[in-house]
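*Asks:* Can you join these two chains into the complex? Each is in its own frame, and there are hints to help.
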Amino acid sequence: MEKIDLITPVERAMRILSRLDVDFYDAVALYSRSLSVNIMGKGVKEASAQIDVGIGVRVFKNKGMGAVYSQSLEDADVEATVNQAVSFARISQPDPYFKGIPGPSKAPEVPDLCDGEIVNLTLEDAGRIPKGMIDAAESVRGGAMYLGGFAANHSRAYLMTSTGVSIESEKTSASAYLQPVYREGDDVGSSYEFDFAVSLSEIDFYKVGKRAAEKAIEQFSSRKAESGSLPLILSPESSSSLFSALLSALSGESAVKGRTFASGLLGKQIAPEILEIEDDGTIPGAIASSTYDGEGVPKRPLNVVSRGRVMTFLHNSYSAGIMNTESTGHAIRGGYRGQVGAGPSNIRVKPGDSSLEEMIAETKKGILIINASFSPNMVSGEFSTTIDEGFLIENGEKKHPVKNLMAGGHIMDLYRDIELISKEGRTFGKGFFFPSIKISQVKLSGK
Amino acid sequence: MLILKDLLESIVQKALNEGASFCEARFFEERGNSITIENGIARSLSSGILKGVGIRVIVNGRWGFASTNMPTKQNVEKTLRDAIGGAKSITAQAGEEARIVEVKPSVDTIIHEMKIKPEDVSPEEKVKRMLEVEGAARNFSDRVKDTFILYGDVITRVIVCNSFGTLIEEVAPRTRVFCRVIAREGDNMQAGFEGLGNVAGYEIVENIEVEKFSLRAAERAVSLLSAHPPPRGTFPIVVDPRVGGLFIHEAFGHNSEGDLVFSGQSIIADKLGQKIASNLVTIIDDPTRQGFGHFIYDHEGTRAKPHILVRNGVLTGFLHSLESSAKIGGEPEGSARAQSHHHPPIVRMSNTYLAPGDLTLEEILEDVDYGVYLAGSQYGYVESQKGQFTCKVEEAWLIEKGELTEHLRDVAISGLTLEALKNVKAVGKDFRMDMPGMCGKSGQGMYVDAGAPHFRIDGIVVGGRR
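Residue numbers (my numbering), protein chains in the order written: chain A, 1 to 447; chain B, 1001 to 1466.
Okay, chain B solo, but in the shape it has when bound (with noise of 0.2 Å):
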């Protein structure tokens, strides 16, 4: 690795020779494995390594990023005169400016532990695990009518090299099991899934409790045949810690990115220190917790620190990049990430969560005499610039006078940013982020985790066919 590393530090070199006032030089490895497995077939067994260079420099004031996947020292040489050529092609348009705060150089290696590697585990034993978890949710019924498994595991390596003197390196494994269970009946059909993953080797598939991992994909997928269409209309709603972390990641968090800030696309920009949310709201993001999101250093090479973004409902934070840092202030605490090298670095969202309060699930509900509770998150996202998301759920049920009545299915929630965070009411202490995931921004996925005790949120439109 060392040569690689030369060859990083010569091109940033280099870049300041050709008049660059910084440059950063990043090579990023990722080796990935994965099974399919459909009604109790392996059909296809995959793998492929990523592998590349990518370049980013500040000319004349302005941004230029090239990248290759064939980082030979004189292809690296030519993407680093594409990065400059890029940078000078729009030094003449009218623009957002290129600054970034300087910080202190890093030098440093992190490999993140495991206790078993995906690679010292045979294909044939990964297969054979695969098939009896995925057997579990196909004789759960004789309603199941189709069951799949993905298992991937993957390797990162990224080497951050930059002019300040940034020397990191940073190798994580994660590994995920994905579970998607088809039931039906007559014309009715329903989807039930499971997933889990972190950064961690093939341990998390050992650890695997079949009958509570893939039989719960499909016993939602057999229960939701029976379950309802949902009331339409505003109401309190009750979220279980899933799609209160989807919540927080979609309604909240996309608004707190530094980038978003300064370029004008939050609804919270110009509400730092302001009260934003019920006094029982404090979010967290947090890159150094154990989650699908971990990660020490991020890809601009700045260590990673917990970002407390909202206290006890007052705004108090974004999460920065060194270029949101220095247009907006605050202190870069690790927050730019980049699919791969081709991609450049913008400001992502780690384990993102809300902290937990001091209620039990039943001290939630109880307050409630009509709503709507939800459980299982799909997908969300948000407009932030005039906050407003989306949040699809796997299922839900009624709430009546405190209790859990009637099942539902094919349930979605809209709100308004500003006003779904003051509408919380009442915050459970049973907190629970396991909701790995990937995130899309700009055309780029990335690692993410999110996670919440339950939670009440009055005045919520809930969409549905009744």
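Extracted from the complex, chain A is given alone in its bound form (with noise of 0.2 Å):
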């Protein structure tokens, strides 16, 4: 396959810019390759490929920003938008916290992120891939209906700033999902399972679909279930999104601006000791890895939340500028058309000593959740939502699976109230981990 160029129009743009009278400028040139195959009802329904290529310039003149992006790589569009985004930035107003870009450093290349199967990969072989996972579902119940698929994406970035950064970059990655759909009568069996990784061979498809069976005929015969506060469990796959709210409510700009529920939590006890949580951009082969950040700041991991303390906040240089401090290495810069914000890389909580059967064992009437987001209003930090699978527990036993049933409160009640972590969990692309977390009381809203 012909390789398709990004140094020349990022070099280009930085030529013209160069000569131009601005303050700040960076350019970055993506190409990615895309292949997927859908399943929907009876099995793989469609094979596609995509081709995404593209420019973006930022330029910065007396603090105001233009930003342009086209996906042209053509020597005429490419001036056209340094022209344009240098036409913008004498428009926009001083930003007063704009500080400036971040200069060159030298890191350690974050190894294993590019896996050489999934940059051959040709469409045929990807269209074999879906088989094995409906084929597990299957050997678990015939019957189902299906919503799902595998994509596979490797793509290559080539970064220049005007403060001298100069970053190649090349990753791939690879996803599996799978929603099974029973039907009994007017009773419904439903629920999903997904994987994703940085190498094909990581992603155990079997599983996926296995799981995605068993799981949605669990959910056969669910009840409404009755207000009350009541004990939570959750699984590694719903305590994510309690973690990631944190983490990226401890995010750039939005954190340090005070615009979001943890802008005041730095140096504050939010949980029992027994909570530790680090960030870690670093781990070889992991999803949420890389050398540098979105800026050409190398990456290093970072404990956020040491002791139930919250340690750090996770910046980019912009918020990093206005507290006086330095980058963390946490800049994202969403591709070519995407403005640089911050936000957390490969989550890790550290394990408990505890297990999800010892939580159930233990807990006399709660819930169970398999499914929910904890997302809470990012400004407020309340939080009502959906328990969209789960599990009545009662006398330490799994029963039936609820339906409608909300829970509500603060995010910070939940964080404060966790009272047991598990020493099993599960790991996530191979970065993220996440543990099962049992919380000792919430409010539910049902019947």
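Honestly, the hints are just simulated from the structure, not real lab data. There could be a bad hint or two in this list.
To be verified - EDC-like, lysine to aspartate or glutamate: derived pairs with alpha carbons at most 16 Å apart:
{"id": "1", "chain 1": "A", "residue 1": "Lys-268", "chain 2": "A", "residue 2": "Asp-413"}
{"id": "2", "chain 1": "B", "residue 1": "Lys-1088", "chain 2": "A", "residue 2": "Glu-253"}
{"id": "3", "chain 1": "B", "residue 1": "Lys-1145", "chain 2": "A", "residue 2": "Glu-253"}
{"id": "4", "chain 1": "A", "residue 1": "Lys-224", "chain 2": "B", "residue 2": "Glu-1419"}
{"id": "5", "chain 1": "A", "residue 1": "Lys-224", "chain 2": "A", "residue 2": "Asp-187"}
{"id": "6", "chain 1": "B", "residue 1": "Lys-1051", "chain 2": "A", "residue 2": "Glu-74"}
{"id": "7", "chain 1": "B", "residue 1": "Lys-1051", "chain 2": "A", "residue 2": "Asp-77"}
{"id": "8", "chain 1": "A", "residue 1": "Lys-399", "chain 2": "A", "residue 2": "Glu-357"}
{"id": "9", "chain 1": "B", "residue 1": "Lys-1271", "chain 2": "A", "residue 2": "Asp-187"}
{"id": "10", "chain 1": "A", "residue 1": "Lys-63", "chain 2": "B", "residue 2": "Glu-1038"}
As the list claims (entries may be wrong) - Chain A side only, calculated, beta carbon under 7 Å to chain B, not exhaustive:
{"id": "11", "residue": "Asn-62"}
{"id": "12", "residue": "Val-86"}
{"id": "13", "residue": "Gly-127"}
{"id": "14", "residue": "Met-145"}
{"id": "15", "residue": "Leu-147"}
{"id": "16", "residue": "Val-181"}
{"id": "17", "residue": "Asp-187"}
{"id": "18", "residue": "Ile-274"}
{"id": "19", "residue": "Thr-386"}
Heads up, the beta-carbon is just placed ideally off N, CA and C, and yes, glycines get one too.
*Replies:* Laid out in structure tokens, this is it:
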């Protein structure tokens, strides 16, 4: 396959910009090739291939920013993109918080982020992959209608900045998803399972299909539950939203400008001492790893919550500048079209000493949550969420699935009321790790 | 544009020559501009152009799709080879057969009119106007701590060419303004939102009455500081047109999408012709109506018509693509759209609404002894296969003996589609549709709108903290 040249258009943009009266600028070009095979209804429905390229240019003049992108890397289009960005930068107004963009830094390369198997994957090969997932589900129980698919992506990027950063990066990812729906009259058994990774060989398609079917069957005969205040046990799939919400709320300018519920948490004890959360974008072969962040700052591990206390924000250069500190390497650049923001990489919650079985066994009455999002109102921290999949626990045993049940409260109460953390959990994409957790009491709305 | 159309036609012919039983070549271009205003500063101006070709084929009874944003003849021909290769790659796999209805070809060009083209207004002028809009909110109260305005305009050009002989070009503008205000008192922070958008040019910005627009967001943020958590449990609820629109879109609308119906993901798949809602419920999806989801031809080149989905409580139809029409019966009436050239068309809602009844808000409220009045929509989602939905709203009030009393914040509702539709007990006459937004489905975002009059639903779970 012909390799698309990303360096020449970026260098061209930088050359033009170097002759103009502007303060800072950067240019990024990106190539990505995505293959996907969609599953719908009785099985595989469609196979598709997308090739996307583009260039994004940011220009700063008197602390004002112009940002323009183009999906064409032709000389004339690159020139037009640059000129438009310059003109926009001159019109926009000084942002008093802007202090410049980072210069170059050297960092050891984070290995194993590009899988040759995905780079060389053909659509013909990709078309065969989902079969294992569907066969596995059918082996558990036949006759489901499905939604799901398999996708693989290979991307390359080249970033240059006026401060001397020049970085080429290359990455792959693959994902699998299956949602079987079984029906018995008006009763529905439905759930889903997924996996994602840097390398194709790390995804166990058979396991995804089998687990999806098993979880779906368990959802038959769901019943409404009473309102009340009960302990909640969150599986790793649902505890992930609780911890991701905290790290997102501690990220970037929204956090330091006082726009999130976590803006005032620096140095505060928010949870029992058993809670430890690390963010690490340097794990070899992990889905959210990279050698450098979106601004060319080296990634590094960060203790975000230590013994239940919030230790740091997750900074890009802009939010770090506001607090007169250094970037923590958490800039996220949303491709060539996106702005530069900030956010977590691989979030790892330290395992505790309990287990999911123990948590259930010691619960007289509670709810086991398999799937629910605890993402709160990011400003106020209040949440009100439907328990999409869960089970009633009575006298230490998992009973029937529940439906039409909501949990509500303030997200800070959930962190404060963490009672147990399991030693086992689930690793996602070789990087993220979330355990099961038990929260002592949460308000529930039901019948 | 003729050269481009010739290219698309030649690709479609080439696909047929190479064994495809159907081919659709679609050119997509979207030119967009945006301005971000933050606390009195026009912090950034942005723009960009998306452009490319997506090709969909049926070969050996299977779908293949491929796209490129380098639409030269050579690249587009390679893209066709990828699409054909994709279909062939899954020929041997057990799965869902690709089948479409045969339709008469359409040849047409539609250019939506604008009173003021966004490109005719200078960026400086747009910045000046947005600063005025933002300033009204910022100066509303000393408790307003943060203001944010996002202005955006896009011009979308779509050309659809398929092997039925269809050749459609449609050019549509969309202009949007979004406002967020954060108010603070001690540790208590609350946000208020306001937004507008339509298939229109810059005239909708000219028409903004600042006092009514950004001030609404500011007033809401400040008033929410003293609002209370909602009660927990199952209550009668009365919804305003925005929450009503969100409910109709999430609880019912997705379930009516033909692709979810034929793939077993809809709770109403087997209920055509049956009573699924109270007599008061008539639900319409109308792409021909002015609104953020307005268009004349869908992205399969089918001319759009209004779709009556539920009439007086009876399920009368589904939204269709060429494929879902073939699989579950019914005429394709233009509901297949794609986010860009990188995405195949899928069944989407457009402007979806509950038809008005004949009551006033006071009459709807007067029968409620104790319940919750919900206003302003944030977001929602549905598990269509189970028929369980969630809607998050901006603010609410307790209803006590027919009167709105205590102001409530951070309220969400959850319900079961088939129960909730039957429990619609009163429908107002004060219809409004102004919920411009993006709906996400299968990894694609799409312009939609939704609306309703005020109406009452009994037995809805209200999530809360009390």
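*Asks:* Against this structure, judge whether each hint is valid.
*Replies:* Status of each hint after checking the structure:
1. A:Lys-268 x A:Asp-413: holds, 14 Å
2. B:Lys-1088 x A:Glu-253: violated, 48 Å
3. B:Lys-1145 x A:Glu-253: holds, 15 Å
4. A:Lys-224 x B:Glu-1419: holds, 13 Å
5. A:Lys-224 x A:Asp-187: holds, 14 Å
6. B:Lys-1051 x A:Glu-74: Since the Cα atoms of Lys-1051 of chain B and Glu-74 of chain A sit roughly 13 Å apart, the hinted pair holds (cutoff 16 Å).
7. B:Lys-1051 x A:Asp-77: Roughly 12 Å between the alpha carbons, so the hint for Lys-1051 of chain B and Asp-77 of chain A holds.
8. A:Lys-399 x A:Glu-357: Roughly 14 Å separates the two Cα atoms, so the pair holds.
9. B:Lys-1271 x A:Asp-187: Satisfied, since the Cα-Cα distance of roughly 15 Å is no more than 16 Å.
10. A:Lys-63 x B:Glu-1038: Since the Cα atoms of Lys-63 of chain A and Glu-1038 of chain B sit roughly 14 Å apart, the hinted pair holds (cutoff 16 Å).
11. Asn-62: Since chain B brings no Cβ nearer than about 12 Å to Asn-62 of chain A, farther than 7 Å, the hint is violated.
12. Val-86: Violated, about 11 Å.
13. Gly-127: At 3 Å from the nearest chain B Cβ, Gly-127 of chain A passes the 7 Å test, so the hint holds.
14. Met-145: holds, 2 Å
15. Leu-147: At about 6 Å, which falls below the 7 Å cut-off, the nearest Cβ of chain B leaves the hint on Leu-147 of chain A intact, so it holds.
16. Val-181: Check passed: Cβ of Val-181 of chain A comes within 5 Å of chain B, closer than 7 Å.
17. Asp-187: With Cβ-Cβ at 10 Å, over 7 Å, it is violated.
18. Ile-274: violated, 25 Å
19. Thr-386: Result: holds, 4 Å to nearest chain B Cβ.
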